[in-house]
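Trainee: Each of the two chains sits in its own frame; use the hints to bring them together as a complex.
Residue numbers (our numbering), protein chains in the order written: chain A, 15 to 190; chain B, 2 to 745.
Honestly, the hints are just simulated from the structure, not real lab data. Fair warning: this is a prediction, and the values are worked out from it, not measured in the lab. C-beta atoms are modelled at their ideal positions from N, C-alpha and C, and glycine is treated no differently. Heads up, a few of these hints could be off.
[Stated by the list, open to error] Partner residues are not named here, just some residues of chain A that face chain B (Cβ under 8 Å, in silico):
hint : residue
1    : Asn42
2    : Gly43
3    : Glu108
4    : Arg109
5    : Lys110
6    : Tyr111
7    : Phe149
8    : Asp166
9    : Asn168
[As the list claims (entries may be wrong)] Calculated lysine-lysine pairs in the BS3-like style (CA-CA distance at most 25 Å, straight line):
hint : chain 1 : residue 1 : chain 2 : residue 2
10   : A       : Lys84     : B       : Lys101
11   : A       : Lys86     : B       : Lys537
12   : A       : Lys86     : B       : Lys712
13   : A       : Lys56     : B       : Lys101
14   : B       : Lys46     : A       : Lys173
15   : A       : Lys27     : A       : Lys41
16   : A       : Lys123    : B       : Lys378
17   : B       : Lys179    : B       : Lys262
18   : A       : Lys41     : B       : Lys101
19   : B       : Lys80     : A       : Lys84
20   : B       : Lys403    : A       : Lys181
21   : B       : Lys537    : A       : Lys84
22   : A       : Lys123    : A       : Lys74
23   : B       : Lys169    : B       : Lys262
24   : B       : Lys101    : A       : Lys104
25   : A       : Lys86     : B       : Lys101
26   : A       : Lys41     : A       : Lys86
27   : B       : Lys212    : B       : Lys262
28   : A       : Lys37     : B       : Lys101
29   : A       : Lys56     : A       : Lys117
30   : B       : Lys95     : B       : Lys57
31   : B       : Lys212    : B       : Lys433
32   : A       : Lys117    : B       : Lys46
33   : B       : Lys46     : A       : Lys104
34   : A       : Lys41     : B       : Lys46
35   : A       : Lys117    : A       : Lys37
36   : A       : Lys84     : B       : Lys403
37   : A       : Lys84     : B       : Lys712
38   : A       : Lys86     : B       : Lys80
39   : B       : Lys614    : B       : Lys676
40   : A       : Lys104    : B       : Lys80
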Amino acid sequence: MAENEIMLEEAAKIHRLDSTNAKFYTKNGFLAMTYNDGEEEKNLDRVFLHRAFPFELLWKYISVISDDGKEKGVIYDIKDFDDDISALIKTELERKYYSPTIKTIDSLKERYGFSYWRVTLSDGRNLNFTMQDTFRNIVRVGEDGAILLDVDGNRFVIKSIAGLDRKSYRRIELYL
Amino acid sequence: MFIRKKEKTCVGGLYDEIKRILPDASAEESLCTFRFNLDKDDPEKRIEGFFYADKKRLCVISDGELVLDIDSSSVSEIKTDIGVGCIYVSYVEKSSGIIKLICRSDMSSSKRIIHALKKLNHYLEDGKELHASSDGEDGVDRCEKCGRPFQPGSKTCMHCTSKKKVVKRLWRVASPYKGFIVSSIVLFFLVSVLNLAIPYINKILVDDYIKSENPEAVSLFPFVLVVLSMLGTQLLVRGVSMVRSHLLINASNGMIVDLRKMLFDKIQKLSISKISKRTSGDLMSRVSSDTSQVQNFLVNYLPNVLEQLILFIAVGTVILVYDYKLFILIMIPTPFVVLSFNLFWKFVMRMYRRRWQCSAQSNAVLHDIFSGIRVVKAFGMEHREAERYDKAARDERNITEKADCIWSILMPILQFFISFGEFIILYYVGNKILGGEMTLGEMTLFSSYAGLIYGPLRMIAGIPRHAMRFLTSSSKIFEILDEEIEISDREQSVDKAIKGDIEINNVSFGYESGTEVLHNISLSIKSGEFIGLVGKSGTGKSTLINLIMRMYDVEEGSILVDGIDIRDYSQESLRSQIGVVLQETFLFSGSIYQNIAYAKPTATREEIIAVSKLAGCHEFIIKLPDGYNTKVGEKGYNLSGGERQRVAIARALLHNPRILILDEATASLDTETEKQIQDALANLSANRTTIAIAHRLSTLRNATKLVVIDKGRIAETGTHDELIEKKGIYYGLVMAQREMSKME
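Only chain B is shown next, with the shape it has when bound in the complex (with noise of 0.2 Å):
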């Protein structure tokens, strides 16, 4: 649901309701308030609510009466619980711990909800005050003009862009190929005036040659002379025309390729928060396609609308000056044609969006059965799914045929307006001809530029269309390169070797505004040792790595490598000091060697294989046909998940980083080849700072230090006997592993 600017809640109003129930209430006193709208008890009802929170008095108001007025020191914590399609906010009471449900609303306030009470259990927790913007207004991704939510990941509403400003920005993309430009502007007048020449010629052929008054006194070299002036012009149109295009392509690709270059940049400069929330389709359609809509408006269309409206004005101006009786003749179908164009367009337009939808969906059903053609087969179900696509391919023919049809009744329709003003024109001349005030010459010439009227006229009719197409993709482009980076380096960064202490301090994150994945994080790691990170699945683990990557920002707290911020570093030189093995490993399409040495393109042939087989894959790698030449990825050699992993390993090895992180680095192997791997890197690790996370303990048997996370807090930290000992969170899930292989 979205709030109209008019309705749109200002913290103000927001107070001016709540004092009208509790005088004493003020924004400066207040640590929190929001409105909700569902009543907590009743499903379906709706209501008026506030909640209202200060130092000292925690309130609830339901449709202008106070249902919950309790002291702010009796509370501990505020917590919200997302249900479907609505947010429940309840408190802990601190004397008991019991949680009490305070109010319900629907999801348009969810975010702001959050936010809101974020500020809220921080002062709860330790009595402090949170600085950080953290206002009830925050947090909601809106325009603050139209109250319309921006697109994912976006700060830019394309409904608020002014288009003029678009088309001034693509302008100042063009400006390095002004000279093409304008050049062919100039041939445009050129090739309008050429084709304004033509009839004219055709006239003169007419009235002084074909139907002379006095044929014998016809020389034939004036005639001649025509005729070639006439092939003349015709040749020059063309010539005129190639020269054109050439210059516009020129101009046009040059300028695409600059900006797909400007919106590769900006995409690779962005952090992963705000890449993520783009689908890569999303992102490919920007760089591709919609640049590819930009360029084709500026090669295919544009130009031709620029030639057919000088024609058409020409044409006009010319037709108006000789009788203006006959430009009003043949200006009567105009506003016809562009209506009902314009008209039947929008059906039409309705019809095939349905086709596409229907085509999108068989293509999307065909894709589904080939990427699991095993499981099709496995299970027998290769009848069944040629009926789910024949359904799918039916649908779409159906469509089709009804869209197809009802456009080859409609064309012939809208052609017959068009060529009617034709019929009215020789009505009109023909007239003149017969009480000889006109001469054939003329005729022909009439009739041409009538021709030469109407052909302007289809194309103007789609200008809307083309020219919203255009303006929507240039909008979408110029989002992207107006994107904030959120993640950039200092004016001041620093460029400099690590040694591979790090230590986190305090430091709170969420991917969501308001719902953290880490609390109050404090550790601290000494170069060359080596951390487990154990937990349960979901605790917060890979993100507090992507955290000391610097792939996210943390919001609270620090994160330090060598006493300095990683915010103080640039980020190039951060990252190339820190290598990572993902369980998920991503291989390029290219061979193994290229793969490995992506990590250090200026690597020896010695260094590949030798981190290869620290890695343990240089045993398969040498045994495939091709050796370490062996084409991966797309349509590549099909390594297995464990294989894909050592190939991992070996290039964060090449990389020989200050930090190696290991997220499930190891998973996919069986545990020999794990504990061959494991002894490799421990040799390597001895002055490396080695972070890892396993699921299986044994993984983590070398490791210095163990952390033990739990719901996004360290719950234990200490050496493996150290937790055994303890008889915590560490010791039970040893418990279970050792009972799970004992079954084993």
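Looking at chain A on its own, in the form it has when it is part of the complex (with noise of 0.2 Å):
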């Protein structure tokens, strides 16, 4: 199996970045890269990280793509990298995926296929918003949490279901 998936990534020609052949750092307000192509060494001011998979696996398989839109490799794990380093691909990657945690729902709303949110944030914040086809852009996260996605094109998560006390729980259990 690990020998297939090998020849796998050999015959995709996925280029994996660590600590050895890549470097990251901040240039003009934007995460820039220096890496080693297998050929030579190349710098690029801009670069651009997709996760894989951003409901499962936050800080594994990250694509890293340039300005041009090619992908020039993939973290598999950003602990591949030394700490200052993979602390500066998690910022870069919680700056670009922007999800505010829902501490409570204070109040849910549905009316015209429209379902209205008031809610308390991680941070305290009060804030208002709406979604639309609730049902299905609640997206359940692993065994407990789940993301929101509201109308806009905002994203909050919240990070156990379990854990949100009973009245929070009671408005949104409707949408599980």
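Mentor: Structure, rendered in structure tokens:
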């Protein structure tokens, strides 16, 4: 099986990035990368990070894409880098995948196919947002988590549905 | 996230905030202003930020501090990048071409930001101001009144639509059937009066005949008369009810057919952009299920409620006049019944909604498995899929069991509440009979009346729910009817035979506000030319074709056909002279003959065969047992991708258009068949303008001119030889394909 994986990886020409062949830093406010593509060392002033499994594996299988839209390599695990670079990648991912965490659901009303949510976030802020086709736009993550996608394209995370207070749980229960 | 009315940003307020830091900023001079709310570096940190740009400077204010103030002339472009749940704004430095990050915001303001930056980018590009409606407040699909978002593709707020208005409008639709409706209302009254009379006759029967104090004096004839009058009244009630139902069904059916026709006509007139924002399921649900909901309310629910309501008032009045104490006793359970119905209903509805969702889920699983049954079998996954469905079915069973169990416990309790009132009456009137104040006939009369009163109560309890459902459906219907037709014919639109010259002048276009798919395209196509559009996927080739067909209107610039703006042609005239074959061909349910003749219903059999031969489909059609009468589409003969495409080409050729558009039309064909069709098309296209999109470049070998589109702009134009010599994008594509064919 493992042999098969290596063969596939080679066949697909996946360039695995780790501390031996890549270095990340910040330039002009963006994440930049110096990497060795197997032949020579190259500098990219701006790279984009894309999670391959954004609902399941937040820090693994991160595709690194250059400004022209081409994949330059894949980070299999951010732990493959030194702590400071790994923290930089983590910050960049958190910056790109902006998804505040919901602490409580204070109100939830549904009318005409929309659901109107008033929530308190983990930082104590209150927020209103609207969801459409609510049932489909609540994505279950892992055993107990959920991601809510609102009409504007914002994402909100509920880390543990079972951990919600009773009232909040009763409000969201219908859509789970 | 939505902004409630009181929090809504207005341009004036925005400038007040900006002016505190930039005193010389002015709304008149401004090219672009917007708010943003996320720190550009710290992932989670929220800030209050403002962007301001005029012809001289470009400034960014973050939490009350000016963090960027640069000369506008040093910037060549402002870029936006969409993250996940956020948007980045950066600028390109003119001197070095370096991109620098300016700010970040969550998605609530993304549309507004993109829209606001459009005007600035326009200025940065050519130094001219854009006078289109492109203020920062545009491009946000929200209700001005309540700040809630509109349904996709709609500009009507379902929350702020006046319900009275909806009923009034529905009454207007009903006006041709006024006669039926008024007559049925009169009959309602009649039925109610007759219903009241039955217990009264019963009372006479009991008091004067059955419990007569002097039975010997009772003669048979009046007794028979009373019995017959009872029978007559019953017959009359049934008869009048039948006539009333007939009248109502006639009126409501006519009304629903009218409403459905209005809806369907309107949907047909809406532009592709409006229609594609709604799912076909949504549109179908509005045409069929929302109209059915309205019909159901009008035919089944409203008449019943009216009848019961009239009965309730009439019986109530009779009892009140006769004995007010009895009336109060009867009314005691009323508030409990209404309240408990509403209270329990909410709870039970919750259960049933969950059941509905589980049922929808298990249906979706089933649909998924059946649609992909070939894949399931090919991978030997039958067992796994069976388990998947089993789980979904189990979930549904569990919730159904729970809902039914609760319902079966609640219902008898509620029924008891209702019948409890009847016990009170029995006790009261029993006492009166014993005291000699009431006769047995009167007791039966009031018991019947009490029964008549509690019946309507159950129905009245459900009025809000049904009325809400009816009003929602009506609002949804009128929402479509109120849609603005984006692509409409101008008042003096032209109906004219075209030659086929196409002039595209500085056309820019984007499907979503602010995101341009085509940028400043200019192209001249002479009548009879064969133009090949080449480029990578997603560069805007099909969009350009959609614009020529006027499926969408251009945002900037113009498209002229024979020197006349396509917006000046009537849509019917323009499209009837353009033929199109798409990669994804759609064949309607019907025979192959009907599908080809779709383009020209008056076509002769000879014409059909001729175009089929030209399109290369005659050979396979003729070998089918049913020939041209072979049924295709759903439940029909399964044509292969290539066969479907050839039928579609035949359909387009029969149309005999002046402009023929082929969007990857021969992609599913083998090279030999493609060559045959290409040659046939070349013969036919002598005087026809042909625009073809193809990734397989050999398809375009007959093209008189090739246009290479890259990132929404025209990158190269010329003949095959010219472009090969140029060694640009086209050269790269040709070389890549040559490599591929060598490998093959």
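Trainee: Take the hints in turn and mark each one as holding or not.
Mentor: To see whether the hints hold, each was checked on the structure:
{"no.": "1", "hint": "Asn42", "in the structure": "holds (5 Å)"}
{"no.": "2", "hint": "Gly43", "in the structure": "holds (3 Å)"}
{"no.": "3", "hint": "Glu108", "in the structure": "holds (4 Å)"}
{"no.": "4", "hint": "Arg109", "in the structure": "holds (4 Å)"}
{"no.": "5", "hint": "Lys110", "in the structure": "holds (4 Å)"}
{"no.": "6", "hint": "Tyr111", "in the structure": "holds (5 Å)"}
{"no.": "7", "hint": "Phe149", "in the structure": "holds (6 Å)"}
{"no.": "8", "hint": "Asp166", "in the structure": "holds (4 Å)"}
{"no.": "9", "hint": "Asn168", "in the structure": "holds (5 Å)"}
{"no.": "10", "hint": "Lys84/A to Lys101/B", "in the structure": "holds (20 Å)"}
{"no.": "11", "hint": "Lys86/A to Lys537/B", "in the structure": "holds (20 Å)"}
{"no.": "12", "hint": "Lys86/A to Lys712/B", "in the structure": "holds (21 Å)"}
{"no.": "13", "hint": "Lys56/A to Lys101/B", "in the structure": "holds (20 Å)"}
{"no.": "14", "hint": "Lys46/B to Lys173/A", "in the structure": "holds (19 Å)"}
{"no.": "15", "hint": "Lys27/A to Lys41/A", "in the structure": "violated (28 Å)"}
{"no.": "16", "hint": "Lys123/A to Lys378/B", "in the structure": "violated (43 Å)"}
{"no.": "17", "hint": "Lys179/B to Lys262/B", "in the structure": "holds (19 Å)"}
{"no.": "18", "hint": "Lys41/A to Lys101/B", "in the structure": "holds (8 Å)"}
{"no.": "19", "hint": "Lys80/B to Lys84/A", "in the structure": "holds (19 Å)"}
{"no.": "20", "hint": "Lys403/B to Lys181/A", "in the structure": "holds (21 Å)"}
{"no.": "21", "hint": "Lys537/B to Lys84/A", "in the structure": "holds (14 Å)"}
{"no.": "22", "hint": "Lys123/A to Lys74/A", "in the structure": "violated (37 Å)"}
{"no.": "23", "hint": "Lys169/B to Lys262/B", "in the structure": "holds (19 Å)"}
{"no.": "24", "hint": "Lys101/B to Lys104/A", "in the structure": "holds (21 Å)"}
{"no.": "25", "hint": "Lys86/A to Lys101/B", "in the structure": "holds (21 Å)"}
{"no.": "26", "hint": "Lys41/A to Lys86/A", "in the structure": "holds (18 Å)"}
{"no.": "27", "hint": "Lys212/B to Lys262/B", "in the structure": "violated (62 Å)"}
{"no.": "28", "hint": "Lys37/A to Lys101/B", "in the structure": "holds (20 Å)"}
{"no.": "29", "hint": "Lys56/A to Lys117/A", "in the structure": "violated (44 Å)"}
{"no.": "30", "hint": "Lys95/B to Lys57/B", "in the structure": "holds (15 Å)"}
{"no.": "31", "hint": "Lys212/B to Lys433/B", "in the structure": "holds (16 Å)"}
{"no.": "32", "hint": "Lys117/A to Lys46/B", "in the structure": "holds (17 Å)"}
{"no.": "33", "hint": "Lys46/B to Lys104/A", "in the structure": "holds (15 Å)"}
{"no.": "34", "hint": "Lys41/A to Lys46/B", "in the structure": "holds (20 Å)"}
{"no.": "35", "hint": "Lys117/A to Lys37/A", "in the structure": "violated (36 Å)"}
{"no.": "36", "hint": "Lys84/A to Lys403/B", "in the structure": "violated (53 Å)"}
{"no.": "37", "hint": "Lys84/A to Lys712/B", "in the structure": "holds (15 Å)"}
{"no.": "38", "hint": "Lys86/A to Lys80/B", "in the structure": "holds (22 Å)"}
{"no.": "39", "hint": "Lys614/B to Lys676/B", "in the structure": "holds (14 Å)"}
{"no.": "40", "hint": "Lys104/A to Lys80/B", "in the structure": "holds (24 Å)"}
Violated hints for the displayed structure, listed by number in ascending order: 15, 16, 22, 27, 29, 35, 36.
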